[in-house]
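The listed protein sequences correspond, in order, to chains A and B.
For the first sequence, the numbering used here begins at 4 and goes up steadily by one.
For the second sequence, the numbering used here begins at 4 and goes up steadily by one.
It is possible that some hints are incorrect.
One copy or two, either will do: identical chains are not told apart, so a pair holds if it fits within one copy or between any two.
List time: in silico EDC-like cross-link candidates among lysine to aspartate or glutamate, alpha-carbon distance up to 20 angstroms [unchecked claim]:
{"#": "1", "residue 1": "Lys173", "residue 2": "Glu163"}
{"#": "2", "residue 1": "Lys52", "residue 2": "Asp103"}
{"#": "3", "residue 1": "Lys156", "residue 2": "Asp84"}
{"#": "4", "residue 1": "Lys156", "residue 2": "Asp22"}
{"#": "5", "residue 1": "Lys52", "residue 2": "Glu91"}
{"#": "6", "residue 1": "Lys156", "residue 2": "Asp27"}
{"#": "7", "residue 1": "Lys156", "residue 2": "Asp144"}
{"#": "8", "residue 1": "Lys52", "residue 2": "Glu163"}
{"#": "9", "residue 1": "Lys156", "residue 2": "Glu32"}
{"#": "10", "residue 1": "Lys178", "residue 2": "Glu68"}
{"#": "11", "residue 1": "Lys173", "residue 2": "Glu132"}
{"#": "12", "residue 1": "Lys173", "residue 2": "Asp22"}
{"#": "13", "residue 1": "Lys156", "residue 2": "Asp45"}
{"#": "14", "residue 1": "Lys52", "residue 2": "Asp131"}
{"#": "15", "residue 1": "Lys156", "residue 2": "Glu132"}
{"#": "16", "residue 1": "Lys156", "residue 2": "Asp131"}
{"#": "17", "residue 1": "Lys173", "residue 2": "Glu91"}
{"#": "18", "residue 1": "Lys173", "residue 2": "Asp131"}
{"#": "19", "residue 1": "Lys156", "residue 2": "Glu177"}
{"#": "20", "residue 1": "Lys178", "residue 2": "Glu132"}
Bear in mind the hints are in silico, worked out from the structure with no lab data behind them.
Number of protein chains: 2
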Amino acid sequence: MRLTLIAAQSLDGFITRHDTPGSDFASAEDRAFFRQALRGFDCCVMGGKTYRIARETIRATLMPERLRMVLTRTPSILANDFLPGNLEFTASSPEQLVADLTRRGLQRCAILGGSQIHSLFLNANLIDELWLTIEPLLFGDGTPLLAGRSAAKLTLLSNESLAPNTLLLKYRIEK
Amino acid sequence: MRLTLIAAQSLDGFITRHDTPGSDFASAEDRAFFRQALRGFDCCVMGGKTYRIARETIRATLMPERLRMVLTRTPSILANDFLPGNLEFTASSPEQLVADLTRRGLQRCAILGGSQIHSLFLNANLIDELWLTIEPLLFGDGTPLLAGRSAAKLTLLSNESLAPNTLLLKYRIEK
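The whole structure should be built from the sequences, with the hints applied where relevant.
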């Protein structure tokens, strides 16, 4: 199974603008890219906080072609949202989750945040690629891309423009 | 007078690797670019901490063509290093410093860090351009590009490769 972390950040590395949850700062071009990119994945993983922020949108766009998996310490709280094969909740470790998804025949997984989930999978050496949109903004504070110390080395795979001032950088994570 | 902030960061926005001061993480190509780029400036400004870290190198490479100005709350402590027109120390505000440098006929000033100095000049609306080297690294923590909240919007001026995995992005700061 291949895992790709997909995120949008300010140039200085924040995935939220100050204390505002979500990625409303991202450009229309990034949102269009993101929707299109997700079609290439048969599952995606997000944290409980990210799920709660995007819950209505996620529940309105569920499809059997892509399992949405929410990693949360308290999956039972969200049991009413459970839809087998469409929207599931788990407290598994990243390694166990990847093993489970692989056993179910899934092949391409998008890691969708937030920063705790990014760090959890990155520091477990499970991420293959990072697709990062760089918006032309400086926030100075907010939620950082990663929740804590890492030491990842990257190889740049591509560098393209999504919009005149917005870049999409794709990197391979060296393992 | 035109002010350009020049820095190198990890992809996730840190100008130091964890707790290690200085920019030793930067590539040889970035260091070569930086040396070359500085030739286009007749003055540069840095904070006292950045000066102390790079003091020996700075004192070994002084030249009358470029004034090095150190912004510090305690300029008297460094009085022994004072070399008029080459290496000076001041506790001025950013606005006062820019006015003083302009009065002396200087035209192009490089802002060289650290993060406190970046934020001080950025939040005073004094920075015209940001030249940012993006190294292919994720640190997760360290000294951030900016020391606190900002809300700057940028226009991408150029996007070039310094090395196969290292990008140099030049932006205009919208005022």
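Hint check:
1. Lys173 x Glu163: Both ways: Lys173 and Glu163 sit 9 angstroms apart in one copy and 15 angstroms across, limit 20 angstroms.
2. Lys52 x Asp103: Classified as neither; 22 angstroms inside a copy, 50 angstroms across copies.
3. Lys156 x Asp84: neither (38 angstroms within a copy, 39 angstroms between copies)
4. Lys156 x Asp22: between (29 angstroms within a copy, 18 angstroms between copies)
5. Lys52 x Glu91: within (15 angstroms within a copy, 50 angstroms between copies)
6. Lys156 x Asp27: between (29 angstroms within a copy, 15 angstroms between copies)
7. Lys156 x Asp144: between (24 angstroms within a copy, 14 angstroms between copies)
8. Lys52 x Glu163: neither (30 angstroms within a copy, 37 angstroms between copies)
9. Lys156 x Glu32: between (28 angstroms within a copy, 17 angstroms between copies)
10. Lys178 x Glu68: Intra 29 angstroms, inter 46 angstroms, cutoff 20 angstroms: neither.
11. Lys173 x Glu132: within (7 angstroms within a copy, 25 angstroms between copies)
12. Lys173 x Asp22: neither (27 angstroms within a copy, 27 angstroms between copies)
13. Lys156 x Asp45: neither (27 angstroms within a copy, 36 angstroms between copies)
14. Lys52 x Asp131: Classified as neither; 24 angstroms inside a copy, 38 angstroms across copies.
15. Lys156 x Glu132: Intra 11 angstroms, inter 28 angstroms, cutoff 20 angstroms: intra-copy only.
16. Lys156 x Asp131: Cα proximity of Lys156 and Asp131: one copy only (12 angstroms, versus 31 angstroms across).
17. Lys173 x Glu91: neither (28 angstroms within a copy, 43 angstroms between copies)
18. Lys173 x Asp131: So Lys173 and Asp131 pass the 20 angstroms test inside one copy only (11 angstroms; across, 28 angstroms).
19. Lys156 x Glu177: within (6 angstroms within a copy, 32 angstroms between copies)
20. Lys178 x Glu132: So Lys178 and Glu132 pass the 20 angstroms test inside one copy only (11 angstroms; across, 36 angstroms).
Of the numbered hints stated above, those contradicted by the structure are hints 2, 3, 8, 10, 12, 13, 14, 17, listed in ascending order.
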